[in-house]
Amino acid sequence: MENTTDKIAVVIGASHAGVNLAFNLRKEGWLGTILLFDADPALPYHRPPLSKTYLTSKNSEAQQPLKPMESYKKENIELYLGIWVKKIDRKAKQLSYGEGRAQNYDVLILATGARPFIPDIPRLETTKNVFPLRSLEDVQHIKKALDGSKQKKIVVIGGGYIGLETAASLKKMGAKVTVLEREERVLARVTSPELSAFFTDLHKKHGVKLRTNISVKSIRTVGETQQVLCSDENAYQADVIILGCGIQINIELAQAAGLTLKNGIKVDGICKTNDDSIFAIGDCTFHHNLHYNRYVRLESVQNAVDQAKIAAAAICGKEVVCNSIPWFWSDQYDTKLQMVGLNEGYDEALLRTELENENSFSIWYFNGKTLLAVDAVNNAKAYVIGTKCIKNRLSLDKAKLKNPQIQLKPATIILE
Amino acid sequence: MAKITFITQENETITVEGNSGSLMELAVNNNVRGIDGDCGGVCSCATCHVHLSPEHMETVGSPSEIENDMLELDDNVSEYSRLSCQIQLSEALDGLVLKVAN
Numbered sequence: 001m002e003n004t005t006d007k008i009a010v011v012i013g014a015s016h017a018g019v020n021l022a023f024n025l026r027k028e029g030w031l032g033t034i035l036l037f038d039a040d041p042a043l044p045y046h047r048p049p050l051s052k053t054y055l056t057s058k059n060s061e062a063q064q065p066l067k068p069m070e071s072y073k074k075e076n077i078e079l080y081l082g083i084w085v086k087k088i089d090r091k092a093k094q095l096s097y098g099e100g101r102a103q104n105y106d107v108l109i110l111a112t113g114a115r116p117f118i119p120d121i122p123r124l125e126t127t128k129n130v131f132p133l134r135s136l137e138d139v140q141h142i143k144k145a146l147d148g149s150k151q152k153k154i155v156v157i158g159g160g161y162i163g164l165e166t167a168a169s170l171k172k173m174g175a176k177v178t179v180l181e182r183e184e185r186v187l188a189r190v191t192s193p194e195l196s197a198f199f200t201d202l203h204k205k206h207g208v209k210l211r212t213n214i215s216v217k218s219i220r221t222v223g224e225t226q227q228v229l230c231s232d233e234n235a236y237q238a239d240v241i242i243l244g245c246g247i248q249i250n251i252e253l254a255q256a257a258g259l260t261l262k263n264g265i266k267v268d269g270i271c272k273t274n275d276d277s278i279f280a281i282g283d284c285t286f287h288h289n290l291h292y293n294r295y296v297r298l299e300s301v302q303n304a305v306d307q308a309k310i311a312a313a314a315i316c317g318k319e320v321v322c323n324s325i326p327w328f329w330s331d332q333y334d335t336k337l338q339m340v341g342l343n344e345g346y347d348e349a350l351l352r353t354e355l356e357n358e359n360s361f362s363i364w365y366f367n368g369k370t371l372l373a374v375d376a377v378n379n380a381k382a383y384v385i386g387t388k389c390i391k392n393r394l395s396l397d398k399a400k401l402k403n404p405q406i407q408l409k410p411a412t413i414i415l416e
Numbered sequence: 417m418a419k420i421t422f423i424t425q426e427n428e429t430i431t432v433e434g435n436s437g438s439l440m441e442l443a444v445n446n447n448v449r450g451i452d453g454d455c456g457g458v459c460s461c462a463t464c465h466v467h468l469s470p471e472h473m474e475t476v477g478s479p480s481e482i483e484n485d486m487l488e489l490d491d492n493v494s495e496y497s498r499l500s501c502q503i504q505l506s507e508a509l510d511g512l513v514l515k516v517a518n
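Line order of the protein sequences matches chains A and B. Going left to right, the first sequence walks through residues 1 to 416 as the numbering used here numbers them. Going left to right, the second sequence walks through residues 417 to 518 as the numbering used here numbers them.
Among the hints, a few may not be true.
[Stated by the list, open to error] Which residues of chain A face chain B? A few of them, derived with a C-beta cut under 10 Å, are: (1) Phe23; (2) Arg47; (3) Gln64; (4) Lys67; (5) Pro68; (6) Lys74; (7) Gln338; (8) Ala382.
Because the hints were derived from the structure by calculation, they are not lab data. Keep in mind that this is a model prediction, so the values were computed, not measured. Here a beta-carbon is modelled for each residue, glycine too, at the ideal position from N, C-alpha and C.
Let's have the full structure, built from the sequences with the hints guiding it.
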């Protein structure tokens with residue numbers, strides 16, 4: 001590795017990807033300066049708990065920092081929080097930020113992530129108590145608005161993971177929750193009809209009203225409360241409205257700098273963009289997945305963390321290959337969903353339920369004989385076996401896999 | 417207050433004190449290499465795997481079913497394996513020594 005003592009690495013975006021990258025750079029031997037920028041003023045924190053334990057926690061200080069302040073000091077990682085980076089000048093290798101400030105870099109890492117997508121609904125922007133859920137501040141607003149509402153009627157617009165996790169948490173907090181979903185089923189964009197059906201039942205059992213095939217026409221404020229007017233001609237009353245309509249990736253800086261974009265910032269196997277001095281990691285990247293042999297854009301902690309490791313090693317001159325299998329999780333009520341692999345292109349969804357526990361099941365997605373992905377509900381065993389089978393491209397005995405009388409063990413379901 | 421010692425794969429010994437939270441959080445907060453805690457402590461990633469010494473197994477207790485299953489993700493699993501995110505700090509753990517599995 002070349003001497004990095006006088007070099008400057010600048011990271012834009014201090015969430016899971018950016019923070020892990022900064023610490024991994026030190027681990028891999030980067031001796032020079034590391035600067036970490038983010039528009040969010042809070043000490044970088046874990047995002048997944050925001051819609052779950054942090055939302056339901058009574059203690060507003062209960063957020064989980066990714067690393068304590070002392071760790072940044074110890075590793076000499078300089079934090080520039082609450083600061084917007086405005087422009088990247090690739091020729092001068094310089095970025096501008098704040099009020100006319102400039103910062104040079106030798107290597108730049110874009111970990112700019114995504115922001116909530118705000119749907120185009122008349123009067124949405126001027127209505128009070130409407131919040132997306134992606135940042136610590138968003139959740140603090142939601143908690144405050146909920147505290148101040150008498151009837152605790154909540155409408156969640158969007159039945160994706162964020163919408164459903166938030167619905168589950170709000171229900172736990174005693175709210176009356178209605179989820180409005182535009183598609184014909186919840187989680188339509190991200191999972192199979194089988195799993196959507198399970199989560200529909202789960203939320204109904206807990207008293208959440210789920211309305212699908214419905215679009216929001218406009219919002220009306222009536223006294224202290226809001227009415228969400230919908231395509232089914234109903235007006236849903238809401239003291240608080242949560243937007244769970246997906247995300248929009250933050251690619252404006254990359255775009256203005258002329259980097260190659262294609263459904264995200266396009267990067268190669270070591271997370272390098274078409275500029276040798278600029279890397280990109282996390283939700284904002286369009287990258288090649290070796291296992292599935294195609295380009296993907298993933299919104300997940302796993303991808304952020306894995307790409308941070310790869311990019312940091314590559315920047316420090318190590319030879320690395322990214323060969324990770326994507327995985328995800330979601331916790332709703334007492335249900336734990338763990339997903340591994342990408343099920344796109346499956347032609348068979350094999351359902352396996354466990355005899356000893358009716359709440360425990362798994363869905364195995366195949367294309368022909370190839371196992372593509374596994375969704376495991378309250379079934380870490382299926383998740384773990386699925387992960388190993390996908391990774392090692394093992395063939396499975398589908399008849400045995402489907403049979404609940406046969407124990408779920410690698411020895412019983414893997415074909416010789 | 418409980419004094420906990422982590423021994424990393426590089427044989428670095430880190431002794432730290434804490435009184436609440438999980439052992440994973442304690443390790444992450446003190447930069448113990450090999451304890452990542454990527455999922456934030458919800459038993460979803462198995463990146464906080466530690467080996468206990470046999471004499472401490474009883475004090476700490478055995479893993480739950482889901483934790484046991486998750487441990488199988490790692491080839492380096494043994495009968496003394498635990499995920500440190502699932503162990504809550506308490507005075508009773510004072511003097512505990514943990515080997516980081518990765």
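Next item on the list: Please name the hints from earlier in the document that this structure breaks, with their numbers sorted from lowest to highest.
Entry: The structure breaks none of the hints.
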